[in-house]
Structure formats: C-alpha cells, structure tokens
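With chain A's structure known, arrange chain B on it following the hints.
2 protein chains.
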Amino acid sequence: MSKYWSETVKRIEPYVPGEQPRDRKYIKLNTNENPYPPSPNAIEAIKRSADETLRLYPDPECDDLREAIACDNGLRKEQVFVGNGSDEVLAFAFIAFFDRGREIVFPDITYTFYPVYAKLFNIKYRLLPLDPEFNIPYEGFFRENGGVIFPNPNAPTSKVLPLAAIEKVLQNNPDSVVIIDEAYIDFGGETSTGFIGRYPNLLIIRTLSKSHSLAGLRVGFALGNEELIEGLNRVKNSINSYTLDRIALAGAAAAITDRDYFLETRAKVIRTREYVVEKLNRMGFSVLDSKANFVFITHPGIPAELLFKKLRERGILVRYFAKPRIDNYLRVSIGSDEDMNCFLDALGEIIKT
Amino acid sequence: MSKYWSETVKRIEPYVPGEQPRDRKYIKLNTNENPYPPSPNAIEAIKRSADETLRLYPDPECDDLREAIACDNGLRKEQVFVGNGSDEVLAFAFIAFFDRGREIVFPDITYTFYPVYAKLFNIKYRLLPLDPEFNIPYEGFFRENGGVIFPNPNAPTSKVLPLAAIEKVLQNNPDSVVIIDEAYIDFGGETSTGFIGRYPNLLIIRTLSKSHSLAGLRVGFALGNEELIEGLNRVKNSINSYTLDRIALAGAAAAITDRDYFLETRAKVIRTREYVVEKLNRMGFSVLDSKANFVFITHPGIPAELLFKKLRERGILVRYFAKPRIDNYLRVSIGSDEDMNCFLDALGEIIKT
Numbered sequence: 004m005s006k007y008w009s010e011t012v013k014r015i016e017p018y019v020p021g022e023q024p025r026d027r028k029y030i031k032l033n034t035n036e037n038p039y040p041p042s043p044n045a046i047e048a049i050k051r052s053a054d055e056t057l058r059l060y061p062d063p064e065c066d067d068l069r070e071a072i073a074c075d076n077g078l079r080k081e082q083v084f085v086g087n088g089s090d091e092v093l094a095f096a097f098i099a100f101f102d103r104g105r106e107i108v109f110p111d112i113t114y115t116f117y118p119v120y121a122k123l124f125n126i127k128y129r130l131l132p133l134d135p136e137f138n139i140p141y142e143g144f145f146r147e148n149g150g151v152i153f154p155n156p157n158a159p160t161s162k163v164l165p166l167a168a169i170e171k172v173l174q175n176n177p178d179s180v181v182i183i184d185e186a187y188i189d190f191g192g193e194t195s196t197g198f199i200g201r202y203p204n205l206l207i208i209r210t211l212s213k214s215h216s217l218a219g220l221r222v223g224f225a226l227g228n229e230e231l232i233e234g235l236n237r238v239k240n241s242i243n244s245y246t247l248d249r250i251a252l253a254g255a256a257a258a259i260t261d262r263d264y265f266l267e268t269r270a271k272v273i274r275t276r277e278y279v280v281e282k283l284n285r286m287g288f289s290v291l292d293s294k295a296n297f298v299f300i301t302h303p304g305i306p307a308e309l310l311f312k313k314l315r316e317r318g319i320l321v322r323y324f325a326k327p328r329i330d331n332y333l334r335v336s337i338g339s340d341e342d343m344n345c346f347l348d349a350l351g352e353i354i355k356t
Numbered sequence: 004m005s006k007y008w009s010e011t012v013k014r015i016e017p018y019v020p021g022e023q024p025r026d027r028k029y030i031k032l033n034t035n036e037n038p039y040p041p042s043p044n045a046i047e048a049i050k051r052s053a054d055e056t057l058r059l060y061p062d063p064e065c066d067d068l069r070e071a072i073a074c075d076n077g078l079r080k081e082q083v084f085v086g087n088g089s090d091e092v093l094a095f096a097f098i099a100f101f102d103r104g105r106e107i108v109f110p111d112i113t114y115t116f117y118p119v120y121a122k123l124f125n126i127k128y129r130l131l132p133l134d135p136e137f138n139i140p141y142e143g144f145f146r147e148n149g150g151v152i153f154p155n156p157n158a159p160t161s162k163v164l165p166l167a168a169i170e171k172v173l174q175n176n177p178d179s180v181v182i183i184d185e186a187y188i189d190f191g192g193e194t195s196t197g198f199i200g201r202y203p204n205l206l207i208i209r210t211l212s213k214s215h216s217l218a219g220l221r222v223g224f225a226l227g228n229e230e231l232i233e234g235l236n237r238v239k240n241s242i243n244s245y246t247l248d249r250i251a252l253a254g255a256a257a258a259i260t261d262r263d264y265f266l267e268t269r270a271k272v273i274r275t276r277e278y279v280v281e282k283l284n285r286m287g288f289s290v291l292d293s294k295a296n297f298v299f300i301t302h303p304g305i306p307a308e309l310l311f312k313k314l315r316e317r318g319i320l321v322r323y324f325a326k327p328r329i330d331n332y333l334r335v336s337i338g339s340d341e342d343m344n345c346f347l348d349a350l351g352e353i354i355k356t
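Protein sequence lines, in the order shown, are assigned to chains A and B. Every letter in the first sequence is one number past the one before it in the numbering used here, and letter 33, counting from 1, is 36. Every letter in the second sequence is one number past the one before it in the numbering used here, and letter 83, counting from 1, is 86.
Be careful, since some hints might not be right.
For identical chains, the list gives no copy identity; a pair is met inside one copy or between any two copies.
[Said to hold, decoys possible] Taking lysine to aspartate or glutamate pairs in the DMTMM-like style, the calculated list, with each CA pair at most 25 Å apart, reads: (1) LYS271 / ASP292; (2) LYS6 / GLU170; (3) LYS122 / GLU147; (4) LYS6 / GLU64.
For the record, the hints were derived by calculation from the structure and aren't laboratory data. A quick note: this is a predicted structure, and the numbers were derived from the prediction, not measured.
Chain A with its partners taken away, still in its complex shape (with noise of 0.2 Å):
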C-alpha cells in the first residue's frame, strides 16, 4: 500500500490469470488455449505485415478487421467493436454501459473477472446462485436490474444456456444491456447473433484467443446494435485511440477469413473432449456436460486441491479454484490428444495411489 495510490487502487482487488511457469517443461491444461497452432494464413499475414509501415500509426478505425468479422457474422461492420482481447472489450463494456447507481446482476460462479471489473469501476452487483446442476436459473435476471452479464457457456462450468432462454434474458431487460460473454461458443454452444436485429440491448463479446487459436495476439470483438458499438468507440477513443497493433490487425482478419482451418481445429477439440469425456467417466470422474474447450470435473473420492497438486508434480497443470461451492472441482482444458492422455494416465495413477 502506497500512499500515492488513488482510493480506487486501494479498493480494487486484481483478477489472476492463470500462471504461465517459465522453470520448466508443463503440459499447460490451465487457461484454456487452443493447442493446434493459427491458421497458417494468420502467420503469414504477420510476417508480411512486419515492414517498415510499422512506424505508421495503425488504422484507429480498424476497418478491414471489423469487415472481415462482419462478413463472417452475416453483420454490418457498425455492428462490430474490436478490441485488445476480450477482456479489454468486457472492460469498456462495463464503462459504457453500466451504471453506480443501480446494481448489475451475474451468477455466482462465473468468470472471475466480472466482480474485478465492478469493483474497479464502483458498479453495484448480485450474485445469482448457480442451480445445484450448477445451471444458470435465468428467471433470476428478470427481476430489475442495471445491466446483465453472463458467459455462454459458462465459465468455468462449461454449461451451456439454450437460445429460447437467452431470448426470454433479452425480453424481460428491455431497458438494460444484456451482455453475453461467448468466449467459448465456437466449442458447441449456439450463439445469440441472430437475436441482434432484434434486442437492441444485447452485446456479444467473443474472442480469438480459444476457438481461433490466437492467445497470444490479443483480439477480441463485440456485436451488437450500433448505437451499443459507438458506445463502446467512445470509451475506446477517451482511453487509447488505438487498442491494436497493425500486425493483431493483419493476422486476426486471416485467421478469421480462414473459415476452413477453423472449423477443421474446433472439430479435432471438440472430439478431443468428448473422448476424454468418455475416459474420465469411466474413472469415476462427475464430468458436467461441455460445450467449451475445457471440462469441469470432480472425483467422489479425492479432493480437487490434492489432485491439483499432484498433477502439478508430474508437470501437468489444470486450473483450481479455491472457491465456495467450486473448491472440488478442477478446470481442464482441451489438449491435444497425446497431451489429454498423458493427463489420463497421470490421473490414473493418482487415483490409484
């Protein structure tokens, strides 16, 4: 604590990102990147874009980029926002659309950055408490509210909610933003774009880092009405003019016009998952049902945290949450398949022992 830092600095409590360990070898199931590399397009596009043009400012407009997922979204290019990741996209959504007088509503668990976001910015929030089944009880967002935010699937219990309840989410909050966080949606859920001629109080952030395969370039975009988008352009413009470089410019447009290598790696993931789903199964393992690139599991008989740390000591790390209601439970993200069977066979031995 300094006595230079602002009343906000002192209050705010700073999100964790899952560790990224330099002292060693890890087979990384822990913050859920793709593990195909890009698209061999996207690669290309920074390679050729890393010329002298790079003492130029980049297009603050990003127009080629918000073009490309337009087109790939079957939107205008005034019904995207693109920003430094989804997570920077989630922050200026919470600047542009949520309030300090009235209270904003997500589920209990739920990514943890939300309540980081809220605090930083002073926004009142309540806590809608998963359902046993860990589902989200959606009828909780009908009551009145400053905003509505919730990830679909969710995170980090991989479930999904089904379009006709996002529908009746969007019905019943005529007058505040509804945002849907779909970080993970290319994994199998079905996303809500199609409502956006209709609602405009919804806003969909997305991001290349999973499904694209992108982490480490920093994109992410929201859809929605335009009068949602230029609200989020205002923030963006009184913060940074320029949130992306002219290399994540040139290699997100790649990646996303490469509609065939992209369904081709999410195919292999999502096969990837359902195997393993099938394996952890069978070794006793509740597994709840994934649309997403990770699964959340439990075992009757071990607990979350030992696991963790076991598979830690074999040099596999899996994310785990020291959190009410979650604290048996471990996130893991979809490997490849050897990496996903040295997993397996780790586990096993650990049960075993």
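Frame of chain A; chain B shown alone:
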C-alpha cells in the same frame, strides 16, 4: 445518444486522433510519426515470433521487455511498467494516482488527451496557463493539488522544461504524483529518469511510437518508484492481464536493444528539424524552440487554418488545432528530408500567392 449508454459515456468527450486518410497518398506530417523504418532487428524479431506459439498467452509480466527497458535506462525491472502505447499507460496512471476528490493540474495548452481522461474518470482539474512565450510557469504546480501532469517537451508547443525546474516541481509536491510525459524526450530534451531514486512521487511515461519508429506496434512504458509501478500493475490486472501481444513484446525488446540504430535515426530527425527551422525562419515564420520531432509554427501574414487547407489540397497533412491561443499555429512533424523539402516548397508557393 442511446438510452443504453451509461452516464459516463454520455458525459465523455472522446479524443480525436490525427487523421489517417486512405483516399489518396499524402505526405503525412500530422501525427508525429518517424520517417525512418524501425530497427531491422525489431522487424526480424517480429517475423521470428510469428509462429505456432501464438496459440499461447503472452507473458503477463512482460519480463524480457521490462528487463530491456530497465537496462537501457539504468533502472531495475521493478521500476518499469509496460503497456499498449503511452496512451494506455497514461489512462492507467490517471486511475492509479488521481482521485475524484482532489483537483489535478496540467497546462492549458498541452496533450489534448489529459482532459479526456479526467472527464472519463470524473477527476477535477485546473489548467495552468502557459506564459505568453508558451513556457510552462512551473511555480504554478507548487500550489496544493491532487496530482500534476505535463509533457516534456510539451506538445504541441515542442518547448522543453529544464531539469532544475522539474526538480523543484518534484520537491514542492511531496504528497502528490508528478507525471512527466516524455513522449518526445529523445529528440533533444533531458530525461528526468535520474530523479527516480530520489523522488518516489515521480512517474515518467514514454513511448516507442516516435523515437523508435514503432507507432504501429503500440508499446509505451512508465518508469518510477516500485510502489508507483505496483499501482499501475494493480490497475492493469483489473482491466486486462495481457495488454501486449507476443509479437509486440518481441519487437519492442529488439528495438530498445538496438541502441546504435536508435541514435542514428534520432540524429537524422534532429538534423532535418534544424534545417527546416532555418528555412521556415527565412520564410518569415515564427518557430517555437523545438526539442521534439515536430515544430510549432505561425506566420504573421497568413492564417494557420488557411495554410492547413492549402497544404492539404497539395497532399500534405499537418495538424491544426482550432483552440484558443493556438488557433493561428500549425504543428508539423519532422519527416524525411525529401518530404520536408516538398512541404517547404508547397509553403513557399502558398505564401507567394
């Protein structure tokens, strides 16, 4: 205006960056970009880092880049913070060190992003009017305040404040943070870095956009006491754990390390500036004493706005600010010798007619 916008978004007045038109080829002297390409080592490092590791998140600590910057400035890594351009670092600093309740101070003529941040974060400010020669009357910073911020050299005036004056500002503000925005320091001013050990209230902010020819890569940094750097980290980790992508981290570290190239291109820019100043003086312009990579000029006979328009018609972009006190000035970036000769020739023609 949308009913979904927060009070904040309704209130803010976003920054307007210099235009980046794509309708035709311009000689761009409007955004203080460097006319020379970035270090070949930086381009090489970027190409080398465009590989399958992009599927992984970047190092959230940015250790290698911070180490390179620390080494280049005779500091320790713990005294260095890095971010997505100096604009992002400035925004984080406003959150980290300035409070709603206490009025901060900055010059009336200065970087126009400061009042934008202040409005966004609801921080009161008072303006310190520059003297008639556009110097900062720095004793004005000695009065009770909640923080001080100014660029050195100042923008768009290009004038520098000597170190002796800066030390007095630091001494007279033991309880508030003094932010010195050194975006242009490499072009002839003296850095305040040497004060960091003695003054825990000093935060210096720099960018690779200008002197390292990397406007397109979006890398800025802050130098200061560990406690201030920790404050910035707390803010960053409450917004976006990874603001610099893998490519930017690699390219920036390589650029910082290539000190010879930096010294060479910097010397070229300064040489061209001195040449341009001499020519402008001969043409009857008043030119403020510049220690930046731009000059701030006015002509006794022809209004700046008219010059701006006539230059634009000739395919030459400079920056004109329609603001009190400086609405008869132009800010002109120092380009290549060739570009500056085109600019001088065009000015000559305009003045004659």
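Could you work out which of the previously given hints the structure breaks and list their numbers from low to high?
none
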